[in-house]
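**Q** With these hints in hand, go ahead and build the complete structure from the sequences.
Number of protein chains: 2
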Amino acid sequence: MRQSRLFTKTLKESPSDEQALNAQLLIRAGYIHKEMAGAYMLLPLGLRVVEKIKTIVREEMDKIGGQEFITTSMQKKELWEKTGRWSDDIVDVWFKSKLKAGGEIGFAWSHEEPIANMMKNHISSYKDLPIFVYQFQNKLRNELRAKSGIMRGREFIMKDMYSFTDTKEQHDTFYESSKEAYMKVFERLGIANDTYITYAAGGAFTEFSHEFQTLCNAGEDMIYLNKEKGIAINEEILTDDVLKEMYVTKDELELVPTAEVGNIFNFGRSKAEEVGLFYNNADGKKEAVWMGSYGIGITRLMGVLVEKFSDKDGIIWPKNVAPYSVHLIAIGDTTDKANELYKKLQNNNIDTLYDDRDARPGQKFADSDLIGIPTRVVISSKSIEAGGVEIKERAKKEAQIITEEKLFTMLNK
Amino acid sequence: MRQSRLFTKTLKESPSDEQALNAQLLIRAGYIHKEMAGAYMLLPLGLRVVEKIKTIVREEMDKIGGQEFITTSMQKKELWEKTGRWSDDIVDVWFKSKLKAGGEIGFAWSHEEPIANMMKNHISSYKDLPIFVYQFQNKLRNELRAKSGIMRGREFIMKDMYSFTDTKEQHDTFYESSKEAYMKVFERLGIANDTYITYAAGGAFTEFSHEFQTLCNAGEDMIYLNKEKGIAINEEILTDDVLKEMYVTKDELELVPTAEVGNIFNFGRSKAEEVGLFYNNADGKKEAVWMGSYGIGITRLMGVLVEKFSDKDGIIWPKNVAPYSVHLIAIGDTTDKANELYKKLQNNNIDTLYDDRDARPGQKFADSDLIGIPTRVVISSKSIEAGGVEIKERAKKEAQIITEEKLFTMLNK
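These protein sequences, in sequence, are chains A and B.
According to the working numbering, the first sequence is numbered sequentially starting from 297.
According to the working numbering, the second sequence is numbered sequentially starting from 297.
It is worth saying that the hints were derived from the structure and are not from the lab.
Since the list can't tell identical chains apart, any single copy or any two copies may satisfy a pair.
Simulated pairs of lysine-lysine, PhoX-like, Cα-Cα distance not exceeding 25 Å:
#1 K702 to K692
#2 K396 to K373
#3 K305 to K359
#4 K475 to K615
#5 K394 to K373
#6 K615 to K480
#7 K330 to K372
#8 K423 to K305
#9 K416 to K330
#10 K396 to K372
#11 K480 to K350
#12 K373 to K392
#13 K615 to K604
#14 K392 to K443
#15 K443 to K396
**A** Rendered as structure tokens:
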């Protein structure tokens, strides 16, 4: 992509109405646009990052048998009344609206009810199970406060997966494999070492749920952590009983700020009982389906990555999710050479942002640091004289001049 | 994909609450699930078709310089008040809701206002223009009636593109190139010969807008058409003056039912003036930006394709958008052979739905016709004896038995 054509412009100053570092940097670099508190447009660079995160998540969900689909934002009142979750006293984040044709609808803050209801058309026998489905969906939540940039949105993209199984063993097996798949996602995003499976409040049918909490100063959660023992407990549930159960004392735990990047939730059979989702077992007996739900906050992850991988000059994207792999910068009177190199990069399928703008070198370097593409390649009369191009990793200080041949060897690795 | 694992089941009977053929077939074949009138989940097969349509549209929009991004569903009251379109008397399809934090928001039925407003951050000089952006977005419209299946949704996916240009020439040039790009999309979808650029009602600043109307008995529009002259006029605007202007008489025109699959709309400079989107021209003078908007109904297109390409047994997908290219069906005791062939198809990157279910041949053939994958490949003891596999196009009656080698030659073409 030629940067002269990219419509977004960088900003020198942070927007005054934005306290969160993630949103400040993402707005300044042109990744997102704040429509209102908690709702951000994804501009071309931002959409590319989100699509790359989605691709990683999609691949790992497919590996454990997930089938992708997508639900609607509009939801039926009757369905949520059945499970007692239509009331604003129970669920305090509903957006609701009146239908012109009569009646009231809700906008999707979550999807267990409609998905379980839809499954009634497709599940009748134990032979139809297990089923694992997932979607990337826009969630709408009427949050009272939205102050953490894209880490807590009123509108945000979530990957939510649902499991439908017939035995406790099948259910538990998938629950465990989803944990592993989640850790693989966080590994590929470069945050696995800072991400802990954390005990959190359960529901009516399980003692605990599991959250994936990533160490992050801007996170909204606090967890008690023992890194060596790998024990993490959400502060909300820390009691003497819980400590006892985990064979750990409070002194051994450190209270640290984290961001919840994922969660998995065990419904047992209760949700299916409420919704009326039954199957016939091998003996012809009607049983409620076992259900679990498994979320990953996609846009929140983008925010967490920025919070963790940035410095005073801008973002430092992990390679797997960077909007482009290479930021090619032409300095001075090198247009022909730079155009040629850009073409070669394209022919080698190396996705490149090419700063071909008529701008000062200082501006180009500052923008490059702000945007945070992992590898910067500068072509200037100086680099040409020295026999090639200057290459510098965004995460490192030192640059070196190498031949074009060496450049492609390095990039194609 | 092994069909035994695909969670959707086919239905013999059409759902009683669905009059539209497109929704009847898409529901019966397991492509979509009706959440409520005008709002459908896209199940795995349906999502695949929609993604293929999106890919075609994306490629053509990129070719004419489009940059993809995505806006929010939540929209600000103040912005729409500015252009006089917040009022339910003016725009009668708003869904609105109250913010807990105070105030009211709208849900996106259209996006000109927020996009033009966002562009104020990125457009200041004529040097920043032209800009062409597009998105695939969920539109929410509070329609009084929703009776045409997925051809008129209360929630639906639309590709909307917006042009921002500084001169009338640049504006007109892009307007024309968007027409060509649209016709290429419809060509790739197999409906170009039945799709007419149709004169329709304009706005305050242009006499006409242009709709892309596809001949379709289930369509909600009626146009006056002269195929030979290539003249198409929406019945809403047919007057003696219009006839005169088009050098055509009413006798030469035929009134036909159509579905509006796309539209392009010329805002001139009026929208930018309303929103306050200005740039400095080469002389340093402040001018309003020229704007156009360009829509394609993605989920509606899926419906139109089903209406046009189906028979009494089910859907007949055009190859470019079929959820899979090949439907492999194993009959009788041929599992090993079929598994082997399935693996070969995968290794050749031929996306295949493999009916490995333990079901009667009649059921498998009926489901295959209903689902409508373009090429059916049957492996049975009969076909093996005759030296290979049976191949049949969904659109044709005759089947033939060919060798596996010939099969791959045909499929790789």
